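Student: Just so you know, the sequences run in chain order A and B.
Numbering (this note's numbering) for the first sequence: 1 to 366.
Numbering (this note's numbering) for the second sequence: 1 to 586.
Derived by calculation from the structure, the hints in this document are not laboratory data.
Values in this document were obtained by computation on a predicted structure and should not be read as measured data.
All C-beta atoms, glycine included, are put in the ideal place defined by N, C-alpha and C.
Be aware that a few hints might be false.
Claimed, not checked - Not the full set, but computed from the structure, chain A residues with beta-carbon under 10 angstroms of chain B:
1. 3
2. 79
3. 208
4. 213
5. 221
6. 309
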Amino acid sequence: MKFSLLMLTTFSLGLAVFFSQRPNVEDLTYEASIAWNSGDLDRAEQLSRRLLARAPDSVRGREILRNRSMATNRPELALAVAEMDFPNNSPAPDRYIRLSGIAMSRGLFRIADEYLADGLHHFPDHQRLQQQFVALSGLRLDPEEMLRRLLAWAKSGRPAPEFVIMYLGLSSLDSRAASSSEEWLRQAVEADASDIDSRLGLARCLMLMGKLEQCCKLLDASTFSERAAVLHAVAFALRGEIAAAKDCIPTSVPTRFQAEYRYALGLIAIHEERWEEAARELGSAVELKPLSTSYRARYCESLRRLKRDDEHLREVKKLETLIQLVKRSHQLQRHPDMSQLSELRQLCEQLGDSPAVTIISAIENY
Amino acid sequence: MRRKRLLYSICLVGSACCGYVAGIAYERTSLWAADQRLAELLQIEPRSLTDVLTEPAEQTASVGLRFEEAEAHGIPFAYENGSDGEFHLAETLGGGVGAIDLDADGRPDLIFVDGGHPMSWPADQASRIRAYRQTGSVKFQNAASSGLSWHGYGHGCAVADFDNDGFDDVLITGYEKSTLFKNLGDGTFQETDLMDDSTLGRWCATACWTDVDDDGDLDVYIACYADVPRNQPLPVCDVGGIRIHCNPSFYSPASDILLENTGDGKFRDRSSDSGVAALQEYGLGVISLDLDQDGDREIFVANDGQRNLLFTPDGEWTLKDSALISGVAFSGQGETMGSMGIGYGDMDGNGLPDLLVTNFSNESNALYLNMGQLAFVDSAQGTAIDQTSRPMVGWSSIVFDANYDTQPDIFAANGHVTEMPGEPFLQMPSLLMGSPNGFRAVENAGRWFQTPQQARGACRVDVDGDTLDDLVVSEIGMPAAVLLNRTAAAGNRFTVRTIGTRSPRSADAVGVTVTIGDTRRFHVLTRCAGYLSSNSGTLSIGLGSAASADRVSVRWAGNRIQEFSDVAAGRRIVLIEGRTDPIVMP
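Isolated chain B (complex conformation) (with noise of 0.2 angstroms):
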């Protein structure tokens, strides 16, 4: 009896326990858990895309490509914009280098083309010309002497011999200011009257020597940017509460300027006759070439933010916009570029000059295939120009043949106008190696090229006289670099200068196509290096692994073509134009 009610005991004790249990059993399981039935019914999927979206290696080749930035070389030059705070739109442009031989001794000069402050240089009057002189093997001096003295904020330098003198003149461009100066021949210039103060008065940036009526002198393009007034406070915006310089769009775009070369060391204003006045648009690199080969010279201006122009003749000295007929005035996409640089070479290999048009940053470079009767395609898309050139502002743009193996190569100087949030101010300068299949970005090739810089004008140039064309650019508060080719395998060449008699003596896009057995390449003459600079007017060429050009055809300006046979590997050459036998050179 004891015993049961014990258990009695026991069972309603562990009732009153299972009771407690139940109640905490009852309190854990009653959670609120609404998001998970809100899961079930929504079926998120979070999932990364790390494995899918990695950006892709770039296409780069290891191909002994190679240039060595040349040391103690006395150019103690850097591009001064005067950035402090104002956000002016001249700031961002940069100054461009010229190739010249200022005292007729064979070895290459440079001429570097300097800002100051654009809001106080009447009042500045340090000279914003730098000559330097090359007195040994890549040693220069400053050829202050040279009388190449400018006051003014400047940009561009675009030489050429406009009165067939035999001697290199210089025309520089800048803000509100733009000025020719004649060389007297004897190592000194002198500045010479170009149009009034009231064209000239502009903000202009790249000009281009070239002629336009054929008549055997030179006459000159100068692209014009906006207008900017000096004494005006400037707009500055913002983003993401960065203050920023603000586009071209919050002004009004300057007109070009096209002036005639009357041939008594004068000019007259073609601007209005010629129609280029007429069209507006913030122009930035200007080149002058026979796009199609008919012995007339077309003018391509990159406009940046707006469409591209083409002008091509139509009657004397009147000209025809077909930059939206030719497929030239907008990317491929049917878009607007910000458009800066010209670069220029056949890169199809189907006889033709290409165009290769540097763009803003999140916009391809261009690269205008030229199909023949002024009909060009963008072909940039997809390719390596497209993906090495989104993240960059790209200026300059030399397409050459660094390794001469007979396929040309292209060199871009990069470098933001302004810090942007989320893009570096200093970007990394691009070479890319051309090849049948394409072009592949180029890995180490020189220091200089893993240094991300502030790089505006460029040009192409022997500076050592190794027949390897070297590198000059131009960088906005950075010293300037003198890039000496030092590609190891490179392959046979020969350079050539052009002088001509009918045509003008300055190189004015003269084509010079060579043939080694079945295959033909042709190459473009001309001082001018599409963004504020100048080309030497010596060009070295590629012949891969053969001996000699079988024939190198030159087209002259009007279509004049001379013929000259077996010109072989390691010849300095100057063909004249009328005279059946090239010079060779020592």
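Isolated chain A, as found in the complex (with noise of 0.2 angstroms):
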């Protein structure tokens, strides 16, 4: 028994003699600079996560793991790292801007979605996580989450003007426009190639800029999911692969992208044809999404090959009235002139856009 005491006493001792001798934390921090200054990189992280389990507050060692995250490419640790500044996970508004900042400027957009949907869960009014989380949907070019980001919006406040206009451009998107996401969405989806969302921003992307070939090998090479299909579809379509869009469209209506479900069948029926199937399938599409310029375009030819001439120039007007209404809308958002929004929302009107029509109304009338 006392043998027992004893040897417990000298372990002790050997503890205390260790942590009597090991550096403390200014020492670690002097230490672990050292090592960054000359280039130890993989010592001065091992020094700096030793500094941080033993003083979290120490700006040096969260400074070095910061650069570490920028220098090896490890956003986590960015992101772990920055959730030290908001300690037990306190869910202020500034900490989900924060953390969906740093994802973003990463290409983790799903995480940022996620960041960015947990913040409203606890902050639904707050305006700068509203704007983050529409904006996000736009970067990944899904006009359908934008507008329904937008609708939540109104609910809970005034959505700001410049982001209904950003919806309008997004919803006409022409190859100009895309071109510049492109670099983005590729950046997103090389940084996490789970982010399915980004993934079909991009096929849509490279669908819009005519690089049909690279838009399919994005899709095969994609994890299935039902608006995948749809998206292959299209592109197959558009490329004249016809039986390939056969295979893959889905067999019956989608939960989402159903617009392009019906521009699919649209472009098949043209393929083959089939004008008035084309003209049925290609007005749901319009109706689906009033904005697009391409599904107009193709219904408009549908309806001049089956020579139903007052329907032709009825659509026909419309697009111009469309192209019009992206005219508007680029140039507003170059120069903001709000209070256009009323020719805007005449506009979406006569195109049949009851939602961004009822958006618009309500920043007017908020």
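With the hints as a guide, bring the two chains together.
Tutor: In structure tokens:
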């Protein structure tokens, strides 16, 4: 018994000697800095981790790990360091904004989306969170999701007019505008292969830019999803590979990308010169997405083939109205003048985009 | 006992050491590792896209289509645009080239239009027309004595025999000044009143001679660009800290001009009566063709950043814009494009002329296939036309059968308007070979085609008289290129020149349908080249491996049709309206 106590005492003594001899926080900070400055980055990281374990508030330790995150492309490191600024996971809006900002800057759109959604769960009225949440769907070239988010925003507050204009531009996106998103979306898909929404955004971007082969390759390499299958069918149909388009198009109407689904069916019908069916499907696509220039142009083509002259003329005029809307919204993006919103609302009304009208009215009447 | 004590001591020292080591172990394991826990939670999967998203290799064809740049040809011309940091929009359009026979010796001569400085041209008295007479095979001499002297900032050159006297006249278009030169028939030209200065003082680009009212003489449509006052400070735009030319939307568009040739050497302004003046767009390219084969000419105008126009006759001197309803106003994706030049030809072999419109970078060139009854479908998306044209700013486009296999091929002149970040200023020209399965980019077409250029206006003309159509290209700040067609395995062919009698004497969208066995191919003969330039009045038509064309059908204005049979390969024929047999030239 005595001997056991003695053993315990000497063990504790050994521990005490170690703890008395180990470098203190200041020494660790110094050593970590020396290691970092001399280029021994692994050691600097190791020392910083030791430092933060002992002194979570160490500014130098955080700084070294933040820099290390940039150099080694480990975004989780930067996010974890940033999390330390908000102890006990306190749900402050700034936390979500900061963390989503870091995720966005690393191309991690899925992670940013999760942070923002979580933030809005706690702070549904927070303007900045709403803005970033809506803008993110825009970056992923997903007007359907952007509209859903804008409508949700309109329920809890006044959506910022510039985001409505962004939505109008996104809905009628053309190849020039799409080209500016390609690099962003490539980075996002490379940063996180499991980000299916960014992958679909990139596929959409490539399709708009006429890079159909690359679009098909990207979708080939995608995890199967109904939405990917619909886009794949559109890409195949645009390439004139009708058998492949028919193979991959879902057999029933999907829950999302319904307009794309109708568009794919319309394109297939055009290739097979089934003009009645083409007009029906493309007409449905236009109803679902009234601001798509491609859908309207193809719809006009099918009506022209059917020689439905009155209807064709009406739709052609609407296409011209849509192009006018596109130009106005582009101008307003460059030179914001929110007094022009009523003009945009009228154009949206003429084109039958009632959700867009609802949002603009909500802004005007707020 | 002593041994036992020693053992105890060792155990105690060991225990102390264990305590020390445990401390080290604790220190090593108690590291900050929140990031690893987060990584497990987030499940981020970085993965390169290189294998998936590499740019696909262009569909290329190495088929012997070959053009050699003529050397020592005696044309020391390079279009001067006066670019000196003021970023005037006029600097971007460049100049055109016209094929003309100045001295009626049967050899094609060339006229180039020059720029100068857009802000100082009234004071600048240097002539901005360069005429070159071909004195030997592909040897040119300056033809300054022709009287073709013009002071201004020039762009376009429209060649045609407007007064039906048998000699080609020249209309020069430019920035705030356009001038008509009448060919006196003795190798000299005389400046002629076209209209008053207030009309022609606009900034105009391409002109196209065409008989709008079917009275047998050529009227003229002039596509005008923007209203940019010469004496006012210009806006300069900025992209990423780089100063660039502002796009035309910073200025008001200029309305186009339509002039009626009254037959007495005078012209009447029909711009307002016809409805042309009411539509103000940024016009650059223009072509007149009988698109629906009803005997009347339609006028198609390519506009920069705005919808294109398609004027169809709707009563005497009234034109109706049918571009929207016909499907040529926008691209197939319903986008307004930065449209510049127009090529034309029967691309799909259905006997109707189709339109190829060159566009700005990041936009595909449009291929408007003619479905009949003025219905068009842009079919460029996903094709080699789309793939090759998107990185380019396209200008002149010429559709011609370069290898005479009966399938039309496409040439496009490319070059950026400004130093746009991320986009090359000098750009490769495009040459696409047609086949029944579509178009493919041609590789190894010659050194010029492998060198980035600043190309603008271009025309088709058989410079060296070998019955293979050559290309002449005007470039900004670079020597003009005379590209001789040296395609080795070219198919059989014959050449056609037409002379109208009831129709205008100069070829004005004359349709030539060639039948070989069961196949028919439609060709169009017009001097208008679509962008700032004028083609030769003679066209080489390919027969492939056939020794002759079974039938050649000519459709004149007013749908007057004449047919000729058994036209043998190698012939050079002149078809005169109303005359039953062709004249075979030596």
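Student: Does residue 213 of chain A pass the interface hint, meaning its C-beta sits closer than 10 angstroms to a C-beta of chain B?
Tutor: With a closest approach of 5 angstroms, the residue 213 of chain A hint holds.
Student: Min Cβ distance, residue 309 of chain A to chain B: is it shorter than 10 angstroms?
Tutor: holds, 8 angstroms
Student: Can you verify the interface hint for residue 79 of chain A: is its Cβ closer than 10 angstroms to any Cβ in chain B?
Tutor: holds, 6 angstroms
Student: Please verify that hint: residue 221 of chain A, Cβ, nearest Cβ of chain B, below 10 angstroms or not.
Tutor: holds, 5 angstroms
Student: Hey, does the residue 3 of chain A contact hint survive, CB to chain B under 10 angstroms?
Tutor: holds, 7 angstroms
Student: Hint check: is the beta carbon of residue 208 of chain A less than 10 angstroms from a beta carbon of chain B?
Tutor: holds, 8 angstroms
Hint violations for this structure: none, all hints satisfied.
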